[in-house]
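So the sequence lines, in the order shown, correspond to chains S and P. If you count the first sequence from 1, position 62 lands on 61 in numbering that gives the first Met the number 0, and the numbers rise without skipping. If you count the second sequence from 1, position 221 lands on 220 in numbering that gives the first Met the number 0, and the numbers rise without skipping.
Check each hint, because a few of them may be wrong.
[Unchecked claim] Cut-off 30 Å, straight-line C-alpha distance, at most; resulting in silico cross-link-like pairs (DSBU-like, lysine-lysine):
#	chain 1	residue 1	chain 2	residue 2
1	S	K59	P	K276
2	P	K385	P	K168
3	P	K53	S	K59
4	S	K5	S	K59
Hint data in this document are derived by calculation from the structure and do not stem from the laboratory.
Here's the letter readout for the chains.
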Amino acid sequence: MKAHIKLGFDGGQQGCTGHGRCVVMAGEPFEVDDNGYNLHRGGSIEVPPGLEEAARYGAKVCPERAILIEE
Amino acid sequence: MESTSDKATYTAPTQADIDEAIKKYGRDIYNDFDLDDPAFNEKHFEIIDDLVEKCPVAHSKVGDGYYIVAQNSLVKEVGQNWRTFSAASGYMPNRPEGVPFLYPEESDPPLHTAWRQSLNPFMGPGVVNDYEDQIRADANTLIDRFIDNGKCEFVSEFAAVLPGWAFFKNVLGVPVEDLDKLVDGVEQGTFSPDLEERGAKFGFVFEYLGEYLKKRSEEPPRGDMVDMIAAGVEYEDGTMSPWEDRVSVLVDMTFGGIATTTYVMASAINWLAENPKARQLLIDDPETYVPRAIEEFARVFAPVVALGRTCTKDVEIGGRMLSEGDFILMMYAGASRDPAVVEDPKTIDISRESVLHSAFGVGIHRCIGSNLARLELRATFEEWLKRVPEWRVVEEPVYMTGQLRSIRSLNLAW
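With the rest of the complex left out, here is chain S (with noise of 0.2 Å):
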């Protein structure tokens, strides 16, 4: 059992740069601006019970892998 899984946002230079990856393909919990940039990079969220997967497929398809899974 998961007491909790949090998404890391890497916002440094090997971090996001807007590709959109994320909320295209696994949609919740990711949330981008108009630019495509994740509006956590740089920070951190908990993901809410029921999208552990969509949030481990998002990191996946990360191109920079900007997005780091903790769990």
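Given chain S's structure and the hints, the job is docking chain P onto it.
Frame of chain S, contents of chain P only:
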């Protein structure tokens, strides 16, 4: 030399590898690679796979020489670090003198940032979705023209036209009648074996788009990307971007917008002709499989084969020492065929749940048009399969390869 544990270490190919390469490709691709060698066109995937598997950092002696990294982690290392691997000296190895730079592609921050911040809103996922109905209608208009003939030459009658229309009608606002001229200019400016011809065609595109931008700057604004480019951006020193920079940006957008998607689209249609199971998946459940197929096709049919950077200092990459001023190519096509990140990378499988690829680049210079390209591909697969569910390839397709890969012709019948 001490090396960090998580980095790949340079392993030179063995003499047997080199001998085999010379036998197979007529060239030592590890120590004397050449983008423009006909073998790189004909044995494209084999050569890329050999570079990925046997030589993380290859070398070319062509002209001033250049290096090539092909593995995913190394391509990321270069692409994500513009301070060490600068884009400001251009993406072409052995750049011919006098070729104007394309902004923001061939620039670094802060100039790059100033332009990207202004351009991104015109190409984001939300904005381009507004073009969907137009693009689907255009796909059907093209299919209408030849469907009753029972055959078509897919490149000239569809794959080279749809991305052009999508870009001209929705983004640029130039007349679609001028598409052929611009496609020719972009193609020959990129692929012509004659370097002088390349320069001349490149010049034509600059001239045409320069005049268009001038005309638009004198017209009432339409609120589109062209208006923004014509108005310019403010640079870090407080000055407005010079006129020639603005033309350069428009040329860059056009090069990206019309030259690349054609190859993915046509290669996919070529592959799907012989893969009825994949076709059926796309017809039965487009919502699941079309997005996956788009990523998979972009992975294996990477139109941007490799782009270059210039080292700003002596640097170690993949265990090999490069010097300040050395030119290095990131082989995106290789990064997407690296077994370290893609399981069974040589197999095309549109049902892969997640596809990690580098077809649109990595780092701050990532392709700005990726969302539009994906939309064009989605519209194509869905509309084409509705109208032409079965087709066959009646002639071997013809490809051209350099830094980009392109398809010249694909004759289909149904």
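Do the hints match the structure? See the list:
Taking the CA atoms of S:K59 and P:K276, the gap is near 26 Å; set against the 30 Å cutoff, the hint holds. Between the alpha carbons of P:K385 and P:K168 the distance comes to roughly 24 Å, so the proposed pair stays at or under 30 Å and holds. This hinted pair checks out: P:K53 and S:K59 have alpha carbons roughly 26 Å apart, not beyond 30 Å. About 15 Å separates the Cα atoms of S:K5 and S:K59, which keeps this hinted pair within 30 Å; it holds.
Comparing the model with each numbered hint stated earlier shows that all of them hold.
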